[in-house]
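Residues per chain are reported as follows:
There are 2 protein chains.
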Amino acid sequence: MYSSRSSAEPVSAQVDAGRDGDGTTRERVLQLVVEEGPISAAALGRRLDLTAAAVRRHLDAMTEQGIVEIKNVTSRRKGAGRPSRRYVISQEGQQVLGDDYLGLARRALDVLGDAVGDEAPRALAEAYFAGHEDRYRQHLAGIDDLDERAERLAELFSEDGFAGFTRKVGRDNPLLAMQSTQLCQGHCPVREIAEAHPVFCEEETEMISRLLEVDVRRLSTQAAGAHVCTTHVPVGRERLAAEQRARRSASDAPQDPTTRTASAGSRLSGGRKRIVISPRQQERLS
Amino acid sequence: MYSSRSSAEPVSAQVDAGRDGDGTTRERVLQLVVEEGPISAAALGRRLDLTAAAVRRHLDAMTEQGIVEIKNVTSRRKGAGRPSRRYVISQEGQQVLGDDYLGLARRALDVLGDAVGDEAPRALAEAYFAGHEDRYRQHLAGIDDLDERAERLAELFSEDGFAGFTRKVGRDNPLLAMQSTQLCQGHCPVREIAEAHPVFCEEETEMISRLLEVDVRRLSTQAAGAHVCTTHVPVGRERLAAEQRARRSASDAPQDPTTRTASAGSRLSGGRKRIVISPRQQERLS
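If you read the protein sequences in the order shown, they are chains A and B. For the first sequence, position 158 matches number 158 in my numbering, and the numbering has no gaps at all. For the second sequence, position 161 matches number 161 in my numbering, and the numbering has no gaps at all.
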């Protein structure tokens, strides 16, 4: 009863004649898989006026890319032989078709603004980073050295898609206060919202301060046009303060062996953290 | 003063030895482009212990894919010759690195829930589709025929990433009330939120009813596990009602020539709307 299934006009005739080649044909195949899947290569060929071999070439490529996947369907007739292959769009293929969670997040900010007023972006930024902070704090527990904490935080940012890494700056400067670590983020997974609402960068900076237990300074943000978000971590200044504390306590009283920053930077003297690219990102790259 | 720029340990030594081949090398190249861009092929080669030719092979492939792009940099020295090529990550490349607007939208629903209670998902769904409805209504203005309105709405859904199309059902059935159009959506750009909050599907169904000016019925949703979201549009029933109205007015009074549904289905008798794939989707497909 589906008249479209026996439509006299093949879909191919409706395809924009201005475009041609494999891209267009592949789109037509995918389009029909979306509409009619699970569908066989033979049925796709009939609908598209293509040979089954031509259709299979596109199906194989898209199967390889993970955009479509194969379902083996056994015929209801008894003794109908081996199951036949049907194609459906995969979860990955659904992703190729895109999403609109950015649009939804923007709309949520509007609705939240109606409810709580101008503080809506800050409320969302606080809540967003609170989720990250809880997890990060657990992973940082037990790491006392400030440089190591910054390295670990860079790794944690990478796992969440921020492409985190560090740069050691001025480590050969005899003035300890000039020695620092730059905690960098090469990518921002919420960049378009942060561009519109810089309070996201502010809340993230405050989170970094709390997690590293030092007063950090934001030097640059992608939201403001930089290639990389950079946060200045005053490693040398903290070490200087620790040394001064150590000297004072040595003259005043027996030294407290638990002073956290006394060992800051003792193990790490240079080098950088590589970006950790997630398996999903790897897939898109390859 | 950036000690990382003259780091004694090359990044290559830090790469997981368990993985190998082009994928890994390409990741390492991209990673350095993200961290150090704008950077030249020669500098990348030095950092990665690779020949410039090997680096360029990956850069060319990623430039072709649109993941990295070339910046021509002129040396500050006068008469330094032609500008040299530097590589940076592109907007497209930033997309490859992924986003977290879904996470942000989920968090926004939490914050909105704190502000307005259990009605938060409905409030967001209403606001989300209100934005679509305003635009769709403008595009549907002046189209009186119900089948044409459904076709146009399917196109509009496609432009917003819903992969819209229609199926004509029972059009050879002598019982007019059995004739219908299925307005289908092969993809849902907010599927994960709709799965958690089916009120999104409800609000969308009501929007379709208002836009088509008939009482539609949702037959299936992807959020509930179907391949395709299907909405039943009672084209035949509307035509029947229009004919009855026409008969009544013919016997009671002169016929009203503006009766909208009197011409329903007069032009379209079968066929289907192809999915419109946007240029951005095409890029990802090719």
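For the record, the hints were derived by calculation from the structure and aren't laboratory data. The beta carbon of each residue, even a glycine, is placed where N, CA and C say it ideally should be. Be aware that one or more of the hints could be misleading.
[Said to hold, decoys possible] Just some of the chain A residues that point at chain B, by a computed CB distance under 8 Å:
| no. | residue |
| --- | --- |
| 1 | Ile39 |
| 2 | Ala43 |
| 3 | Ile70 |
| 4 | Val73 |
| 5 | Ala105 |
| 6 | Ala115 |
| 7 | Gly117 |
Cross-check of the supplied hints:
1. Ile39: Status violated, d = 11 Å.
2. Ala43: 15 Å, violated
3. Ile70: 15 Å, violated
4. Val73: 14 Å, violated
5. Ala105: 5 Å, holds
6. Ala115: With Cβ-Cβ at 4 Å, under 8 Å, it holds.
7. Gly117: Cβ of Gly117 (chain A) sits 10 Å from chain B, so the hint is violated.
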